[in-house]
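Novice: Listed in order, the protein sequences are those of chains A and B.
Be aware that the first sequence starts at 1, since it is given in this note's numbering, and climbs by one per residue.
Be aware that the second sequence starts at 1, since it is given in this note's numbering, and climbs by one per residue.
Derived from the structure by calculation, the hints contain no laboratory data.
Hints may be right or wrong, so weigh each one.
It does not matter which identical chain is meant; a pair holds if it fits inside one copy or across any two.
[To be verified] Simulated pairs of lysine to aspartate or glutamate, DMTMM-like, Cα-Cα distance not exceeding 20 Å:
#1 K244 x D104
#2 K46 x D14
#3 K244 x E264
#4 K46 x D104
#5 K46 x E10
#6 K46 x D69
#7 K46 x D106
#8 K46 x D317
#9 K46 x E73
#10 K112 x D48
#11 K46 x E59
#12 K46 x D108
#13 K46 x D71
#14 K46 x E163
#15 K112 x D71
#16 K112 x E148
#17 K112 x E149
#18 K46 x E229
#19 K46 x E78
#20 K244 x D272
#21 K244 x D23
There are 2 protein chains.
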Amino acid sequence: MDDRVREHAEVLVDWSARVEAGDQVVMDVAEGAHDLAVAVAAELGKRDATLLTTYGSSEVGRAFLRAGDADREFAHSEPELAMLEAADVYLRVGGGRNTTALADVDGDRRQKARTATTATREARMDSDWVSTVHPTRSLAQQAGMAHEEYQDFVYDAVLRDWESLADEMANMKDVLDAGSEVRIEAERTDLTMSIEDRTAVNSAASVAYDSHNLPSGEVFTAPHATEGEVFFDVPMTIDARRVKDVSLTFEDGEVVDFAAEQGEEAIENVLDTDEGARRLGELGIGMNRGIDRFTDSILFDEKMGDTVHLALGRAYDACLPEGESGNDSAVHVDMITDVSENSRLLVDGEVVQRNGTFRWEEGFESA
Amino acid sequence: MDDRVREHAEVLVDWSARVEAGDQVVMDVAEGAHDLAVAVAAELGKRDATLLTTYGSSEVGRAFLRAGDADREFAHSEPELAMLEAADVYLRVGGGRNTTALADVDGDRRQKARTATTATREARMDSDWVSTVHPTRSLAQQAGMAHEEYQDFVYDAVLRDWESLADEMANMKDVLDAGSEVRIEAERTDLTMSIEDRTAVNSAASVAYDSHNLPSGEVFTAPHATEGEVFFDVPMTIDARRVKDVSLTFEDGEVVDFAAEQGEEAIENVLDTDEGARRLGELGIGMNRGIDRFTDSILFDEKMGDTVHLALGRAYDACLPEGESGNDSAVHVDMITDVSENSRLLVDGEVVQRNGTFRWEEGFESA
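Whenever a hint applies, use it, and build me the whole structure from the sequences.
Specialist: The following block contains the structure:
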């Protein structure tokens, strides 16, 4: 076994999920993630946790979802709910054999099944859950990379010194927590937004930081009152459609104009979902320098160093004052912009990042 | 997909497990059984059951079992117990990638883990559980067969007209239920045993018949007061040791002498386990003519038509009068003899089977 698989398992179990002796662990294993699952099982055994392994197969899911009449009703699984309610830790070990395995499952039916399984989804979220991926050939293909090349990419992103990255991200969180206004200047971009009374999340890939993805490596908050223009130069996939070079214009916090070089219709559909879809739900600063390229996977792309992302739609409660709810929407669509060149990120008029270099880093130039 | 995979799934869901709308189903999928699992998921969806899929991976199990110090303690998984208690139906879809995947797990540790998980095992037995296998290359190899050849073998055994086989087996059950004494005559064999007050089980591969294996196809009971000699000419594996041509001599129900051409020590170990290991726990009549050869797998071998098997050790409660317990032992070791030639099976002095042909079949000669 590749040593990195073992190290990935250790990071997942210790840093991310903080597994302790006696913890009741459920691990969900995707079709192609067997090797990582074996490594995780060994780590859990060493730590005297218990283990139940579920099979997160898209193809089994597809067969189950497609079966039956058009008017078939769905219900959650009681054994699954009981299982999740008894779990302390839930580990999702992703990495299938085909990222489009569910392509021929009717969208309405998928939505129906999703609605019927709200209880199990909520029970999962109530556990200390962490989601990661094993670098399968299918994910390499989606990233447009060779398999070995993609393995290197994933392990560079996952096998960080998380303790020290968390410390560095704490600087960014402190700046955002203390600040009132963020301004982003970049190519075709001059955007201001308020972060008054908002709390930033130091998403350091650990349940101890309220962060549930491995890798992570971003600091995010919930902006409002957005004004100005922003240009997203990182290509992405929205609803299975390729989207490129998107510009949005905001007035009074709402999108009033938009354009895209490619996939403009997909953006239009997002904006038309509901009222909240026209407002921002998230401002995120990517700080994981182990991620050095875009791979068309939001798990990695939005964490990449020298990037900033904004999401249209739903805001996370963790960023809001206790009891207050932020922007609400059925969607949360992240869009990313590269800030490695000709860019400045300002908080209350002070430059925090210029051309990808933060104020606390060597080589930072304030003016 | 091979049509036979779909048919296998249908037999499992309808005939064996009797799944109905609203049933809460848990399916355990071995590493190599993905295709059958997909087919079963489709059948369950059609029947409006719910589905939770667990991953029955020997390699994940091995990693978990081997981890940690020598004095590591084991405990059952609470999520697994809760899951099983909420399940109506439990389907085990076997078929791994290596039948010896657990070869380097220490026996004492395995026993310790087994003891610690009694609660989950009992919860599983309390559901309508059925165990079957997908014909993997690993199982083909254990059977000494080519993969396609083994697929044909498995589907011939599984895709029977179970309704009509169950009817035929009912004849055998009636004879045994009415009878007091069974006598087996064959090469180097003349054995009598009492079946007074015993009830035979028509093991027709369905929970409706208290039968939990697919394939099945045997009628079995719990004999006692065994006298005489028996010779088992079918090779088998006991505790990973090859055993061949075993003879046992019984007096007053107990083994008083034994010999084996190969693996005599394995037989000796079995007999020395405890007091009950020297007495019979089962007499079974194989009646599945879809099974036409021995494949070193007890799931198939003991069901083969024209065979009789006897087990040393534990008897099944289903064969005993209510409240009475039969032969008790930590072991239950089946041994098989071919009765297709030069043999007679008699109940109360009347011939029921001669040279593999039953009384109710064409070509039967009573004398």
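Novice: Does each hint fit the structure? Answer for all of them.
Specialist: Checked hints:
For a Cα distance limit of 20 Å, the shortest separation of K244 from D104 qualifies neither inside one copy, at 25 Å, nor across copies, at 53 Å. When the C-alpha separation of K46 and D14 is checked against a cutoff of 20 Å, the pair qualifies only within one copy, where the shortest distance is 11 Å, while the shortest distance between copies is 42 Å. Taking the shortest Cα distances, K244 and E264 sit within 20 Å of each other inside one copy (8 Å), while across copies they are farther apart (74 Å). In this homomeric assembly, K46 and D104 come within 20 Å of each other (Cα to Cα) only across copies, at 17 Å, whereas the closest approach inside a single copy is 42 Å.
Proximity of K46 and E10 under a CA criterion of 20 Å is satisfied intra-copy only: 11 Å inside one chain copy versus 41 Å between copies. With identical chains, the CA atoms of K46 and D69 are at most 20 Å apart between copies only, with a shortest distance of 8 Å across copies and 47 Å within one. For a Cα distance limit of 20 Å, the shortest separation of K46 from D106 across copies, 16 Å, qualifies, whereas the shortest one inside one copy, 43 Å, does not. Taking identical chains as interchangeable, the C-alpha atoms of K46 and D317 are never at most 20 Å apart, the minima being 36 Å within one chain and 39 Å between chains.
Proximity of K46 to E73 under the C-alpha cut-off of 20 Å is restricted to the inter-copy arrangement: shortest distance 11 Å between copies versus 43 Å within a copy. In this homomeric assembly, K112 and D48 come within 20 Å of each other (Cα to Cα) only across copies, at 14 Å, whereas the closest approach inside a single copy is 39 Å. For a Cα distance limit of 20 Å, the shortest separation of K46 from E59 across copies, 16 Å, qualifies, whereas the shortest one inside one copy, 32 Å, does not. For the homomeric pair K46 and D108, the shortest alpha-carbon distance between copies (17 Å) is at most 20 Å, but the shortest distance inside one copy (44 Å) is not.
Proximity of K46 and D71 under a CA criterion of 20 Å is satisfied inter-copy only: 11 Å between copies versus 48 Å inside one chain copy. Proximity of K46 and E163 under a CA criterion of 20 Å is satisfied in neither setting, with 22 Å inside one chain copy and 50 Å between copies. Taking the closest pair of Cα atoms, K112 and D71 come within 20 Å of each other only inside a single copy of the chain (10 Å); across copies the shortest separation is 49 Å, beyond that limit. For the homomeric pair K112 and E148, neither the shortest alpha-carbon distance inside one copy (39 Å) nor that between copies (40 Å) is at most 20 Å.
For the identical chains of this complex, K112 and E149 are neighbours neither inside a copy (38 Å) nor across copies (43 Å), given an alpha-carbon limit of 20 Å. Proximity of K46 to E229 under the C-alpha cut-off of 20 Å is found in neither arrangement, the shortest distances being 53 Å within a copy and 51 Å between copies. Taking the closest pair of Cα atoms, K46 and E78 come within 20 Å of each other only across two copies (18 Å); inside a single copy the shortest separation is 31 Å, beyond that limit. Within a single copy, K244 and D272 get their C-alpha atoms as close as 19 Å, which meets the 20 Å cut-off; across copies the closest is 75 Å, which misses it.
Taking identical chains as interchangeable, the C-alpha atoms of K244 and D23 are never at most 20 Å apart, the minima being 45 Å within one chain and 47 Å between chains.
Against the hints set out earlier in the document, violations occur for numbers 1, 8, 14, 16, 17, 18, 21.
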